[in-house]
Amino acid sequence: MKTKKNFNLGSLISANSVPILFVIICAVMIPLSGLPANYLLNEVVTRLGRNTFLILSLLIPIMAGMGLNFGMTLGAMAGEMALIMVADWQIWGIPGLVLATILSIPLSILLGLLCGSILNRAKGREMITSYFIAFFMNGVYQLIVLYMMGSIIPIMHSTLKLPRGYGIRNTVSLLQMRQSLDNALAVSINGVKIPFLTLIIIALACLFIVWFRRTKLGQDMRAVGQDMNVARDAGIDVDRTRLISIVMSTVFASFGMIIYLQNMGNFPTYQAHTNIGMFCIAALLVGGASVDKASIRNVFLGVILFHTMFIVAPAAGGKITGDSMIGEYFRVFMSYGVITVALVMYEAKKRKENRTMGQQLANEQKAEEEGKTA
Amino acid sequence: MGNTTTLGNKTKLKELLDSFGLPRLIIAGFLLLLLIAAPIVGLDFATQITNIITRFSWNAVMVLAMVPMVHAGCGLNFGLPLGIVSGLLGATLSIELGFTGFTSFLVAILIATPFALLLGGGYGWLLNKIKGGEMMIATYVGFSSVSLMCMMWLLLPYKHPTMVWGFSAKGLRTVISLEGFYDKALANFLTIDLKKFGVNLVIPTGTLLFFALLAFLMWAFLHTKTGTAMTAVGSNPAFARAAGINVDKMRFISVIMSTWLGAVGILVYEQGFGFVQLYTAPFWMAMPAVAAILIGGASVNKASIGNVIIGTILYQGIVTMTPTVMNSAFQMDMSEVIRIVVSNGMILYALTRKTERGR
Amino acid sequence: MKTKTRSWIIRSAFVLVLVLLAVLMLRIGRGHTIYFDNRALEYQGATTAAPYKITVIVNGEQISKLYEKERCSVTNIGDKLELTVEVMQQKGGSETTSVYSLKVPHDLDGVIINLPGYMAGLPEEAYLEEFIPAPSTEKDDEAPPTTDDIGLGEV
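Residue numbers (this note's numbering), protein chains in the order written: chain A, 436 to 809; chain B, 108 to 466; chain C, 97 to 251.
So here's chain A without its partners, still in its complex pose (with noise of 0.2 Å):
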């Protein structure tokens, strides 16, 4: 009895060792920064407006077997480029992001599409694939914004442009759609903003996941990500499933990069979606997803113990050394080394339960041989 009380603690622990690691980081750096727990409070609040809806964004390929979508980028990309769009047209507000959001969406589908099908052809390196599709379509993204908008696609305001009269500027204005989100139901309590509509849209995303895992299509993606060769040969059409996870993540990541963006109301052109993966990436790990494996708890767990070190690292570095730099230089050793640490736990997971399965396979051909003579 002793044994197994044990064994559950000892497996339990194993199991969730990212996020029990990030409490015990947390717990050590929250008093070691000195920021007030207010602060911190409205900080995280915040940033959970801000980011889950991308996070969101990564579940359903990992449910599809893809593993962990550095595509997303490129819906990052969408929503970037329909903000800019709505914001040289002139419409501010809600409705702005309204238009926005219905912009990107046949731009994401697009994208998504074109992501989709190249990982389709790179079977078995999705995620390697996916991460260099990202860093191709950068170079993509900046052919369309800092070359051909401007000349070839209108923009009406100088001031969106760069002295040389075309492509996009390093910065573009959001502040007339600046929170217009997060502000639109926000309550205020005790100096902490909840911005309660960006929460319900967030929450309708996660009712909309759960749905989604129950239909036939759904059920497919889960079938595909467990074994492809089991659901082919169960009649599913492997790629075209493959394809429209994909696409669903890639339209799911431009709607959560609009909300991203409305909420830091201006975005570095070039800069705003190059990590955006990454770090969407590393707070789902956080939150003990791993490449097989992510439910919507690892999303939210993930948000608050990510962004929580994020935030307090710097403050608690430049306690201890003198210079906040080794603190920005911890949180970003940090989400590289979760991903490796995710990466690595998945790999050796994986080929341990091809060398059980060869065991069980030689060991079932061995009793059927002896079974034979005897």
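Just so you know, these hints were derived from the structure itself, not from any lab. Hints may be right or wrong, so weigh each one.
What the hints assert, rightly or not - Short derived list, chain B residues pointing at chain A, Cβ under 10 Å:
1. Phe185
2. Leu262
3. Met439
A virtual CB, placed ideally from N, CA and C, is assigned to each residue, including glycine.
Using the hints provided, position chains B and C relative to the given structure of chain A.
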């Protein structure tokens, strides 16, 4: 009879085309275009050639570092930053210990070696545990180590005045000048300088000879028993195992070799470039090397010295010529976009090709 | 066959709804910057005098008190706004309050409304003028930075 031979010739051409790859043809064609355009838009042709050869000399060793791991089936070494970090440790420690001139270069290699062995060893052990997912993990191991070193560069007790921040005398600077140290240590050795003949051609023979030495050693190694065993592991692990080769050991050795070459590679780059770049600079240094070797004809599990040479020339050619030609011709600099599209497109192309043995 | 056409109809309807929604957003979300001037207006030979003080209230929120020759501005989403003015004709005189529903042309970013002219009921071409901002001479960084950042920044 006559008909069959002509038919045979046609398919042979098509075969050549297919194996060479359409993207490579496009890239080679593009470079040719740039070279032809250069004198037309008023650029000095010889200077362009000098630039390409110079940048080739800086980067070739790092591209060479890709070869061992590809041979051993560990994929493209996106974890090159580990080797680079070892090299940087060698460089900074060499300066810290007071060495100058050409000696500092040799000492840097000397000090970098144990670091490379250590880091490469750990990295190789890790890769053996996760066969199949090497490339993704390599990328993130590389990133994690660079960001870890970012913290280290600030914390380690370096004291040399040329390296630390002037104000606080604590923590290394982002960029450290190598003047007085091993700046152009190799490049100035046996340089062929045609400037006095009126041609703007300067060939850094020393660096090229150094690369040739390393390339020759690599080629020789690949033809030894261990080398062929390594190649066998990469091209057909089942056969290798059946032949009694220790697959894990071969992979391990390849990773250490790759890491060490990465360390030497960054030192060669620094002596050409003239500066030691710390902090976030090594972050992105694996991609150009990977793209270069892919452009040169390598695939995820096949790479030769020829690939290294051709690839580096093509890649560095495009990277150097595009901005200069475009600026002279159109007053428009699209080089950044082209660089991103070419290098990442090349990597994507390699990743989406069907491998010879299915994974 | 039937289900296929049905799903196509549903998809087309969905797309149509989105398109209509987008057009609606374009109409109601147009942002304008509206400048209010309190100055005398000359139009077709007749001069409309500027009152001593106008208190400008837009959509219930007080914007400014305009003495003669002063200007205030407000940003508004949509082409219509509710303008309340409390007019004091002479110094120390009585204040009269009027409420108007001001309509701004959809295509213009910024407009200048001459309040005396507007309140006098003059046609739009009299009291409304397009606001053209002076070209800003700020030197924005020329070339976009090479994106070599590793994540040092806010998320």
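- Task: If any of the earlier hints don't hold here, list their numbers in rising order.
- Result: Those not satisfied: there are none.
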